[in-house]
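Q: Sequence:
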Amino acid sequence: MEEHKPLAAMVVVQCIYAAMALWAKAMFSRGMSPMVFVVYRQAIATLVLVPITLLANRKRLKEILCIGTTGFALVFLASLVGATANQYMYYQGIYLGSSSMATAMTNLIPAITFVLATSVGLESVEIRKPRSVAKIFGTAVCVGGAMVMTFLKGPNLLHDSLGVDDAGLDLQDLLLNSPASRKWVTGALFLVGSSSCWSLWLIIQVPICKSYVDPLTLSAWMCFLSTAQMALLNSFVLPDLDAWKINSLFEVMGCIFAGAVGSGVTFYLQSWCITVRGPLYSAMFNPLCTVVTTVLATVVLHEQPHVGSLLGAFAVVAGLYIVLWGKAGDVKSPRAAEHADDLEKTWSDSQLLDAESTITEPLLADDNRIEK
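According to this note's numbering, the residues represented by the sequence shown are 1 to 372, in order.
Hints may be right or wrong, so weigh each one.
[As the list claims (entries may be wrong)] Simulated restraints on C-beta separations:
1) Gln270 x Val307: 31 to 39 Å
2) Ala318 x Ser119: 21 to 29 Å
3) Leu65 x Val185: 38 to 46 Å
4) Val291 x Trp325: 30 to 38 Å
5) His302 x Val252: 21 to 29 Å
6) Ile246 x Gln270: 26 to 34 Å
7) Thr298 x Lys59: 46 to 54 Å
8) Thr70 x Leu238: 28 to 36 Å
9) Phe76 x Ala318: 46 to 54 Å
[As the list claims (entries may be wrong)] Think about it this way: if two alpha-carbon atoms lie no more than 30 Å apart in a straight line, the pair counts; the simulated DSSO-like pairs of lysine-lysine are:
10) Lys62 x Lys210
11) Lys5 x Lys210
12) Lys245 x Lys183
13) Lys59 x Lys210
Since the hints were made in silico from the structure, they are not lab data.
The model shown is predicted, which means the values in this text are computed figures rather than measured ones.
Beta carbons: idealized from backbone N, C-alpha and C, even for Gly.
Can you build the whole structure from these sequences, using the hints too?
A: Structure, rendered in structure tokens:
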């Protein structure tokens with residue numbers, strides 16, 4: 001059971017993400033604003049994470065509260081990019097597109113992160129090495145799959161129960177002439193922007209966690225600052241107070257689930273799993289969320305899966321695993337270097353022992369002769 005705990009944890013995490021995407025899509029269909037939803041989610045996540053952070057760091061409260069001007073500026077930027085902009089674009093993409101497309105687009109994050117990390121010098125690329133070529137090729141496949149999902153909707157995989165003429169509708173969708181297709185493309189672009197923001201947040205997180213705060217404290221700060229940022233933005237964009245009203249228990253439970261479970265529980269499970277098995281193990285479960293969301297969206301929300309979306313999602317997932325295979329070489333190489341150093345040290349020690357024995361044996365022989 002101990003060996004299967006990380007597997008069970010990651011399956012639970014991906015199922016939570018799938019349920020959160022479906023729940024958000026259902027609430028948006030009932031009229032709730034995605035921007036208001038982000039504020040409520042971040043506020044509830046703040047109420048969950050702040051007490052946990054204070055309890056976990058009760059011996060160094062002054063250190064996590066007083067992070068300095070530079071540290072606060074970096075944390076503010078991280079919350080603006082990784083929480084505010086990322087979640088706003090993600091839920092706008094769900095609202096304009098579909099929940100299954102939203103979860104499929106999250107598989108772009110490793111590829112976009114690789115491009116950004118290479119541009120700032122955090123990743124090294126050597127064309128002669130197969131794993132570096134795999135990372136470049138996998139990134140290209142991911143981007144190509146995202147473009148297919150964005151601009152090629154294609155015919156429905158299942159027959160529409162309303163009896164709409166699929167051929168004419170799909171032709172309009174392919175030519176991007178219908179309002180529905182333009183809405184679809186806008187949603188897909190929002191989702192690509194969301195993945196880019198999350199990748200940029202991963203890059204920004206490196207100096208923050210190295211010099212200022214730990215990941216748990218960073219998450220608490222991010223949720224708090226993101227709540228303030230989105231509330232300030234909504235006060236200008238949505239001045240009507242009626243937009244802030246929660247009209248049903250379904251919406252209340254959805255906000256609580258997204259904040260407490262979608263942010264609090266998943267963060268803890270992912271952090272624990274990364275500690276036990278590493279980041280690659282965690283990233284390999286991302287496509288599971290796409291599969292679960294697509295199946296449940298078709299059954300529960302009656303979303304129509306399309307051929308273009310299926311082909312694009314398959315390409316994105318394939319590109320993800322190619323990039324992960326290339327990254328696996330970076331993980332193994334330090335271990336191999338350490339192993340090589342150990343072998344060299346062992347070989348040097350054995351040579352030293354041989355040399356000592358070579359010197360010692362004649363001396364012992366001379367001592368025996370003297371005794372005799």
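Q: If you check each hint against the structure, which ones fail?
A: Going through the list in order, the structure violates hints 4 and 9 and respects the others.
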